[in-house]
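K.L.:
Residue numbers (the numbering used here), protein chains in the order written: chain A, 12 to 341; chain B, 12 to 341; chain C, 12 to 341; chain D, 12 to 341.
If you're looking for bench data, these hints aren't it; they were derived computationally from the structure.
Among these hints, one or two may not hold up.
All copies of an identical chain are treated as equivalent in the list; a pair is satisfied when it fits inside any one copy or across any two copies.
What the hints assert, rightly or not - Simulated pairs of lysine-lysine, DSS-like, Cα-Cα distance not exceeding 27 Å: (1) Lys56 / Lys14; (2) Lys228 / Lys172; (3) Lys332 / Lys152; (4) Lys172 / Lys152; (5) Lys228 / Lys332; (6) Lys228 / Lys152.
Given the structure is predicted, the values throughout are model-derived calculations rather than measurements.
Letter by letter, the chains look like this.
Protein chains: 4
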Amino acid sequence: MLKVGLLGAGRIGQVHAVNISGNLRSDLVAVSDVNMPAAEDLAAKFGAQATSSEAIIADPSINAVLVATSTDTHSDLIEAATAAGKAVLCEKPVDLSLERAKACLAAANASGQPVMIGFNRRFDPNFAALKASSLKGEIGKSELLSLTSFDPAPPPVSYIKVSGGLFRDMMIHDFDMANFLMGERPVTIRAVGSSVVDPEIGEAGDVDTAVVTMTYKDGRIAVIKNSRRAVYGYDQRVELLGSDGLLQAQNMLENTVVKSTVAGVSSAKPTYFFLERYMPAYALEWEAFVAAALDRTEMPVTLEDGIAALAMAEAATTSAKTGEAVTVAY
Amino acid sequence: MLKVGLLGAGRIGQVHAVNISGNLRSDLVAVSDVNMPAAEDLAAKFGAQATSSEAIIADPSINAVLVATSTDTHSDLIEAATAAGKAVLCEKPVDLSLERAKACLAAANASGQPVMIGFNRRFDPNFAALKASSLKGEIGKSELLSLTSFDPAPPPVSYIKVSGGLFRDMMIHDFDMANFLMGERPVTIRAVGSSVVDPEIGEAGDVDTAVVTMTYKDGRIAVIKNSRRAVYGYDQRVELLGSDGLLQAQNMLENTVVKSTVAGVSSAKPTYFFLERYMPAYALEWEAFVAAALDRTEMPVTLEDGIAALAMAEAATTSAKTGEAVTVAY
Amino acid sequence: MLKVGLLGAGRIGQVHAVNISGNLRSDLVAVSDVNMPAAEDLAAKFGAQATSSEAIIADPSINAVLVATSTDTHSDLIEAATAAGKAVLCEKPVDLSLERAKACLAAANASGQPVMIGFNRRFDPNFAALKASSLKGEIGKSELLSLTSFDPAPPPVSYIKVSGGLFRDMMIHDFDMANFLMGERPVTIRAVGSSVVDPEIGEAGDVDTAVVTMTYKDGRIAVIKNSRRAVYGYDQRVELLGSDGLLQAQNMLENTVVKSTVAGVSSAKPTYFFLERYMPAYALEWEAFVAAALDRTEMPVTLEDGIAALAMAEAATTSAKTGEAVTVAY
Amino acid sequence: MLKVGLLGAGRIGQVHAVNISGNLRSDLVAVSDVNMPAAEDLAAKFGAQATSSEAIIADPSINAVLVATSTDTHSDLIEAATAAGKAVLCEKPVDLSLERAKACLAAANASGQPVMIGFNRRFDPNFAALKASSLKGEIGKSELLSLTSFDPAPPPVSYIKVSGGLFRDMMIHDFDMANFLMGERPVTIRAVGSSVVDPEIGEAGDVDTAVVTMTYKDGRIAVIKNSRRAVYGYDQRVELLGSDGLLQAQNMLENTVVKSTVAGVSSAKPTYFFLERYMPAYALEWEAFVAAALDRTEMPVTLEDGIAALAMAEAATTSAKTGEAVTVAY
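Produce the complete structure using the sequences and hints provided.
P.N.:
Pasting the structure below:
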């Protein structure tokens, strides 16, 4: 049984709490948050203790820590928790600074403790089924990957300003998805972006609409499209063209009802946002972490994976600014 | 080259004229209609001669006649044309009277001339593909057939009154489709119907909504649903459940555009009515008739097929009236 | 907080146990089963007590009982539990005997305790969304309802023999769904059935494929299609034609992946069986029961609803045997 | 009535011949081809005369010329035909040399005769419906366009060598489609390409897989994906994201049959190649040309449009070679 301390009782921490306590092999024993009443509420709901992150990390009866705090604390908490002998599942991104993330990796490696980065989309049943089909060779050799990833609405500009920018904050999921599906990391990245959705986002130095093209050493190509606004809901699709066919993972819809009237044929919208769409993925992610932590097998998403995605985000950020192709420095 | 006389220059006659003259093995040489100016207009458009039905039938240079006149003239024209040595393609139904249709069959058989009944839906590429898949055994042994057949809007009550009723006028297509897809004729028919769409149709002695259940001697079952009104367009679907799977032929849509907005996801409606939906089927039907007439092979839809569908319509009409199951008298 | 005793620790009892203990307003305190070790296993998993049904019913600290035992015990347990002052959620069907079910209703009514029948499909988000759309008048006045309900594979013939037959065992869900969607009960029922899937089922006196047509006093019509075998999975669809359009609830698919190769375009199958398809429905059903029991509001599915469906099943069974239309005696 | 001379009796010339002679306002009077027997065969089929291109251009009774010859002859024929007072519909591309195409434009302008370039896809009912929806503002302001355009199989390497390269030969259609749908021309183009499908194509100096990103002066972005090989058929899709929603034009399928078996749910493939997919578009294109030529209204696709697409192809070719962003010189 994995005794788990949850660092962070915000929206995503609450999702994790349900999964930690719903899993037969894990037990939620402690919760911390900078906002203590939030920690207390969440802890009470699941029969856990509300305490500080330091106390959780110092508690030798706790085997694992889930880091769901703000990004700027991730590296420090990973280092402290691994140093204290705990397995760690940390939300993405590892850090906004690639350098800091690499230092964190060195420290975590030195500790010998396993760290998993929460790229939850790898556990989405649709993307996982697509990957499985590709691995079985059902479309032959993969050649051209397309990722579409649109949020329903942009976050507040205040958030944008501290987010690290669209490539580090939002597209980082797609960078990891590309690595997951292509089984290899790209060599060169070209990015274009603009603030066509909201000029204030541009004034804050960020983009809200972006297209990134990535090339691989064997000639394969991947393209990622991001927009901060798709008013019809969370649009999360994948297409992989191979020598023997095409694989597509389409959106999940709110329900299967189709209505035909004089106005046309209409169906339900995609599930609204990441909590609705990726709820099953979060549960499967946690299950995979518990299995790896307890059975001492390799983590399905590593700290190195997190750093690779971060390096790609950095290259894309540079390319979007300079207008030039950038060779990724992993 | 098949020299063709077209009897009837109405809406369906015009469709046939295009196909007759577009086919490389047939030539439209004469057109007749009770409304002479209509015949003249149509004839002029295709370089044919406008004349009387009698003159067309009497003309020894004409090899084939397409009967697209009103239903009450079908039997007489089939008899006259076959007696004059012509191949005949006649629109459905053969006749509103089963007895008269059987007499017509006897006469046509005596003439030795081939007669095809215009059950155009057999030539719809979607239904034909479904049938081909079934014949190849792709869903094993067929067990349960469902036909959905809804018109976009009811015809005028004046038409309803002379139509022979929904079962003879509208569902007759579905009776033939069932025979086509099941490869066998049902033993017993149960029908329920009501005038839930328009009470005036009920007052005229007819129904506008009906469900017919048919049972076969080997235990298979078929069900047909008809409505005179589907405001979203012509709804023409088939489902065939077999021991190894299900085949469905879905509607043709006006275009492939999908629009996603806050209001939902919407797509185009089914093609509006039979002329839009079955335009390719009419051309393929004519091609099949020309091939059979010129190559002296068996007609793909026979006068016997027309009579079988009529017998089924008669049984359904009786069942809907009496509330009892009716064994079909073919 | 609702203190709940679960009677029956079989497959469906296990599903209910998860929902009872996952709901914030209910607590699973005791489990019984004729197979005591099964009760003990399930009780242990959820921190409940394993005991006898009698002890559960006698325990004054228990407010509600969920009956998930074999059908022949349902009426007795409903009577005993309501007499003991408990709210009851009982799996369908109430009983195989309509007379016995009606006696049970009288007893339950006398007790003043609320009883809900577990027609879980009413809580399926797809069917519920279809019903909501219909209630909002989005397709005008409903006219023609079609229910398709195919199981993936027939149960063993030994089960068939004690099941009460397809109409009571399987189609009873569809009878209730028709009542739910039409908002009214049919007057007359016509059924045809055969054992085209497996002749042994016929030899056991039952059918495995059936079509039922139902007519309503206002002229509306409903048709239900059942098959014990759809090799591609659990096929659960609804179509409702109205004066202003059509509503369809389509199948849930295992995932959204589409594969295009030279062989064609393929997608995932429907979710395999009722546990997969209706898992969310079971949770929502339980939530609705808890709310009604604690808040003392009307049960969303009543014992009367269970008896109406049973009366329809009885009528259909008779019609399939006699070949005649049957007026339902509610 | 437009008297038409058809230059070129190859595959695409044959498609045009059907449309010219099927249109009520145009008449096919003469056909030429470097392969005289091909011209004779085609002419005979449609009651036209087989002759030389020079004779057609010199014939004062001919009002319009359709140029369906090899690309290297386009500019010369446009110049000669317009100088001879004829309206011209010329297949794409205008020329492989942008300079030569511009000279052709000057000459055509000097003649005062109208010239249309055969970007047939603008007339595809699906893309046209998408454009109409966008123009009506149904998705608000457009922001991000994606074009997917895959051929079923690469052409022979011998063809590749004289084709002008993927960007001029294949993607030129997509450049025009982007201009059509965005209503504006892009400022900057970035292209990546590789020969991941067939290394021999790379050895011939071309690419077979390419992604192009285009930016507009108002911040909008467009991305085009091309592959010479999609084994499942001709894949032609458009997606346009706007401030109020998303428009997608999906593929046309061979038929609407869906088959569900233990292996999954399968449907028909996209129509095989451009002749199947764009047959209706060719007819509508011709209709639009005839209307503009006879009614002396503006051509729906101009020689300037052809030159713009060519300039974009040239920019993309340069970008793919240098790895740098290229500002398009129109």
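K.L.:
With reference to the structure, classify each hint as holding or not holding.
P.N.:
To see whether the hints hold, each was checked on the structure:
1. Both within a single protomer and between protomers do lysine 56 and lysine 14 lie at most 27 Å apart by alpha-carbon distance, with minima of 17 Å and 18 Å respectively.
2. Only between protomers do lysine 228 and lysine 172 lie at most 27 Å apart by alpha-carbon distance; the minimum there is 25 Å, versus 35 Å within a single protomer.
3. Taking the shortest alpha-carbon separations for lysine 332 and lysine 152, only the inter-copy value of 25 Å comes in at or below 27 Å, while the best intra-copy value is 34 Å.
4. In this assembly of identical chains, lysine 172 and lysine 152 lie within 27 Å of each other by CA distance solely across copies; the values are 25 Å between and 41 Å within a copy.
5. With identical chains, the CA atoms of lysine 228 and lysine 332 are at most 27 Å apart both within one copy (24 Å) and between copies (16 Å).
6. Only within a single protomer do lysine 228 and lysine 152 lie at most 27 Å apart by alpha-carbon distance; the minimum there is 14 Å, versus 38 Å between protomers.
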